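So the chains spell out like this:
There are 2 protein chains.
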Amino acid sequence: VKDNSKGNADFYEVIKSRRSVRYYDPSFEIPREEIIELVKEATLAPSGHNAQGWRFLIVDNQDLKKKLLPITFGQNQVVEASAVIVVLADKNAYSESNIAHIYDKAIEAGYMSEDIKNKMLQGLEHLNSMVTEQFLRDVMVTDCGLVSMQILLAAKARGYDTVPMMGYDAGELRKVFNVPDHLISLLIIPIGKAAKPGHPTIRLNPDEVVFWNSVS
Amino acid sequence: VKDNSKGNADFYEVIKSRRSVRYYDPSFEIPREEIIELVKEATLAPSGHNAQGWRFLIVDNQDLKKKLLPITFGQNQVVEASAVIVVLADKNAYSESNIAHIYDKAIEAGYMSEDIKNKMLQGLEHLNSMVTEQFLRDVMVTDCGLVSMQILLAAKARGYDTVPMMGYDAGELRKVFNVPDHLISLLIIPIGKAAKPGHPTIRLNPDEVVFWNSVS
Chain V
4 VKDNSKGNAD FYEVIKSRRS VRYYDPSFEI PREEIIELVK EATLAPSGHN AQGWRFLIVD
64 NQDLKKKLLP ITFGQNQVVE ASAVIVVLAD KNAYSESNIA HIYDKAIEAG YMSEDIKNKM
124 LQGLEHLNSM VTEQFLRDVM VTDCGLVSMQ ILLAAKARGY DTVPMMGYDA GELRKVFNVP
184 DHLISLLIIP IGKAAKPGHP TIRLNPDEVV FWNSVS
Chain C
4 VKDNSKGNAD FYEVIKSRRS VRYYDPSFEI PREEIIELVK EATLAPSGHN AQGWRFLIVD
64 NQDLKKKLLP ITFGQNQVVE ASAVIVVLAD KNAYSESNIA HIYDKAIEAG YMSEDIKNKM
124 LQGLEHLNSM VTEQFLRDVM VTDCGLVSMQ ILLAAKARGY DTVPMMGYDA GELRKVFNVP
184 DHLISLLIIP IGKAAKPGHP TIRLNPDEVV FWNSVS
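Protein chains in written order, with the working numbering: chain V, 4 to 219; chain C, 4 to 219.
Source of the hints: derived by calculation from the structure; they are not laboratory data. Among these hints, one or two may not hold up.
Since the list gives no way to pick one copy over another, a pair counts as held whenever it fits inside one copy or between any two copies.
What the hints assert, rightly or not - Cut-off 25 angstroms, straight-line C-alpha distance, at most; resulting in silico cross-link-like pairs (BS3-like, lysine-lysine):
| hint | residue 1 | residue 2 |
| --- | --- | --- |
| 1 | 70 | 120 |
| 2 | 178 | 69 |
| 3 | 199 | 69 |
| 4 | 122 | 178 |
| 5 | 108 | 199 |
| 6 | 122 | 108 |
Computed from a predicted structure; not experimentally measured.
Generate coordinates for the entire structure from the input sequences, incorporating the hints supplied.
Now the structure itself:
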């Protein structure tokens with residue numbers, strides 16, 4: 004996949020060539036403007052109630068990337084990559100203030116009426132009173148998974164590589180990077196110019212993961 | 004995005020044109036062979052330890068699609084869509100037997116040595132003894148989010164539409180479709196030929212979701 008921030012990467016080439024890359028060119032920098040474009044592309048992902056409960060801690064300062072090294076038990080890609088995106092799920096994403104803010108923007112854009120907004124907020128209040136904390140967490144984590152996949156793909160489409168990491172010291176990350184309690188840290192995603200290609204990996208056959216019409 | 008199972012959809016067109024579609028042509032059928040191809044494309048997604056803790060209940064029988072109607076509180080897209088993919092997270096994905104099966108396939112493909120397999124299984128045993136159930140659930144749910152995004156995109160690349168749904172009666176789904184306790188039901192994704200286009204929706208600005216180097 005060649006660099007084409009101008010926008011013509013083949014979808015199938017992107018999904019087939021994306022691999023987890025653990026070695027990066029440490030001299031390569033991605034400008035913040037480009038990272039912001041990538042965030043815009045990734046956040047085209049859908050989310051429950053369009054709540055967009057994803058937040059991104061993006062570490063591109065060299066000294067701070069080094070602080071990620073002990074947090075990730077010495078996985079050097081967090082230092083060598085151009086930037087490291089920590090995907091955070093906001094437990095408060097379904098709060099009335101967060102949703103009202105988003106729906107007000109939708110009204111401003113002409114995508115929603117005041118009436119629909121009020122009905123949806125009432126529905127949300129009802130939902131919040133019915134569901135468990137675990138359900139809301141699963142929703143936010145799922146939505147963060149959706150946006151994370153688009154980060155990996157949008158990076159590949161631009162000629163960059165990534166590696167999604169979930170095994171790290173979340174408590175230490177929280178302390179060093181001032182992550183408040185309402186944000187759950189999920190994937191840590193280094194992004195940069197590959198110095199070594201990723202390994203191919205196998206996949207289960209469809210018949211090992213698909214159940215037709217009933218889980219036996 | 005035009006139909007091109009042959010494989011040249013533009014990545015940017017796919018991510019920009021994907022929308023949640025709630026009206027489908029009920030006469031349109033997607034052959035199972037094509038759904039299997041789509042599953043193969045989607046499951047190119049990465050997962051922690053390559054555990055691939057995603058499972059898919061795919062409902063394409065018309066009578067059984069109707070049983071999804073009360074489960075989804077009457078959202079008609081589950082009946083009109085050609086098929087409905089229920090994404091399930093396997094709580095046992097990090098079990099030794101599941102992982103050993105996958106690593107044996109990797110050895111067979113020449114991607115892994117017996118030695119690395121044994122080291123990784125030891126590492127996994129250590130990990131399983133250290134982490135909480137909530138952490139493992141977050142990992143599996145995140146991975147299911149990753150693969151779900153690729154389902155949505157791979158469908159769009161083939162000229163189909165989708166709508167990810169999380170608000171439904173999970174207990175009733177479990178009963179009607181025999182979902183065992185170790186599988187957590189996440190998104191329900193109808194897929195088919197759109198009868199009406201989806202609405203545009205707004206997104207938060209990058210500066211509302213990005214924190215540079217520290218969450219203030």
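Tell me, in ascending order, the numbers of any earlier hints that this structure violates. 1 and 4
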